[in-house]
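Counting from 1, one number per residue, gives the positions in the sequence shown under UniProt numbering.
Quick caveat, the hints were computed from the structure, so don't treat them as lab data. As the structure is a computational prediction, the values presented were derived from the model and not from experiment. C-beta: ideal position from N, C-alpha, C; glycine also. Careful, some of the hints might be misleading.
[Unchecked claim] Cut-off 30 Å, straight-line C-alpha distance, at most; resulting in silico cross-link-like pairs (DSS-like, lysine-lysine):
| no. | residue 1 | residue 2 |
| --- | --- | --- |
| 1 | Lys243 | Lys272 |
| 2 | Lys16 | Lys2 |
| 3 | Lys87 | Lys243 |
| 4 | Lys65 | Lys243 |
| 5 | Lys243 | Lys117 |
| 6 | Lys65 | Lys87 |
| 7 | Lys65 | Lys117 |
| 8 | Lys16 | Lys117 |
| 9 | Lys117 | Lys87 |
| 10 | Lys243 | Lys2 |
[As the list claims (entries may be wrong)] Restraint-style ranges between C-beta atoms, simulated for each label pair:
| no. | residue 1 | residue 2 | range |
| --- | --- | --- | --- |
| 11 | Leu80 | Trp252 | 31 to 39 Å |
| 12 | Gly178 | Arg54 | 46 to 54 Å |
| 13 | Glu78 | Pro135 | 23 to 31 Å |
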Amino acid sequence: MKPVESCVAADEPELKRRLEQSAQPLLLRGLVRHWPAVHAGRETALGICDYLRRFDQGTEVIATKTRASARGVMGFNEALTDFDFVKARMGLAEFMAHLQAYLPVEGVPSIAAQCAKVSEVIPGFLAENSLNALPGVIPNFWLGNALTVPVHHDHPYNIACVVAGRRRFTLFAPEQVGNLYMGPLEFTPSGAPISVVHPNQPDLERYPRYREALACAQIAEMEPGDALYIPPLWFHQVEALEKVNLLINYWWPVMGEPELPSPVASLLQAIKVLNAIPAHQRDAWAAMFEHYVVQRKQDPAAHIPAQMQGVLARRS
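Model the full assembly from the supplied sequences, consistent with the hints where possible.
This is the structure we're talking about:
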């Protein structure tokens, strides 16, 4: 695995445009190191929890807790019939009390309050810790102890900011999808399908193509204050490495026409329809999709007058 390309980044409006033009992940060293929350997280193990209590509104979060068999991974069980974790709703203060109770104990379950909207749970946080590059984008927070989230991908642009603790991201380009052994598209932990391969101890006899994915992977080792840009559809595995970790992430949509269905909706519809026809017809439709949709080899409308191109007219 090679390291993700990195640079020292400044939080400026121009950063968003530059990232949107990039097809590769980028480690933004020190992007949010000036945040008061980052300084609070460096002071003591529970410093970030003390800081967050100032903004707690009593709103509930969704807390996950791994089973003993999970080995710290929020994924499937060995038989791939269910998840190896449970979920519950609780207040942020109650969750942080669990985090504090687990701090001095070894071998505890992995817990996390995941994908909670900052504006709903800790709204005052944004006044002191903002990202000028993304005005108006409401971030999410991910608070917990040592936990690994298996390989998955997101559809929007993504900037993930490490506020407390350390994180390790392992990233795979979209074309590695066939080597990652992704699980069901509908039965997912939180909307995004995840790989069924155990991230810490992959069974390469059971999942041999995963070796090819690892050979092409990129890795980002992140300290408090660092941020990582993840382009749309890039697969990533996330490891929270300390007993207390906080990540703030910003998703913003890929530009497009709002009246059109989302790309993922189009994908799911295509799967449903094309899986119902014979294999030789799927091959024929694969050629049609390559020519009219993917358009890697040629512009299918280049020979048609602009006023007659209809849906084939290029929009970007």
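Each hint tested on the structure:
no.: 1; hint: Lys243 to Lys272; result: violated (43 Å)
no.: 2; hint: Lys16 to Lys2; result: holds (25 Å)
no.: 3; hint: Lys87 to Lys243; result: holds (20 Å)
no.: 4; hint: Lys65 to Lys243; result: holds (14 Å)
no.: 5; hint: Lys243 to Lys117; result: holds (22 Å)
no.: 6; hint: Lys65 to Lys87; result: holds (6 Å)
no.: 7; hint: Lys65 to Lys117; result: holds (19 Å)
no.: 8; hint: Lys16 to Lys117; result: holds (21 Å)
no.: 9; hint: Lys117 to Lys87; result: holds (17 Å)
no.: 10; hint: Lys243 to Lys2; result: holds (27 Å)
no.: 11; hint: Leu80 to Trp252: 31 to 39 Å; result: holds (33 Å)
no.: 12; hint: Gly178 to Arg54: 46 to 54 Å; result: holds (47 Å)
no.: 13; hint: Glu78 to Pro135: 23 to 31 Å; result: violated (46 Å)
The structure fails hints 1, 13 (numbered hints given earlier, in ascending order).
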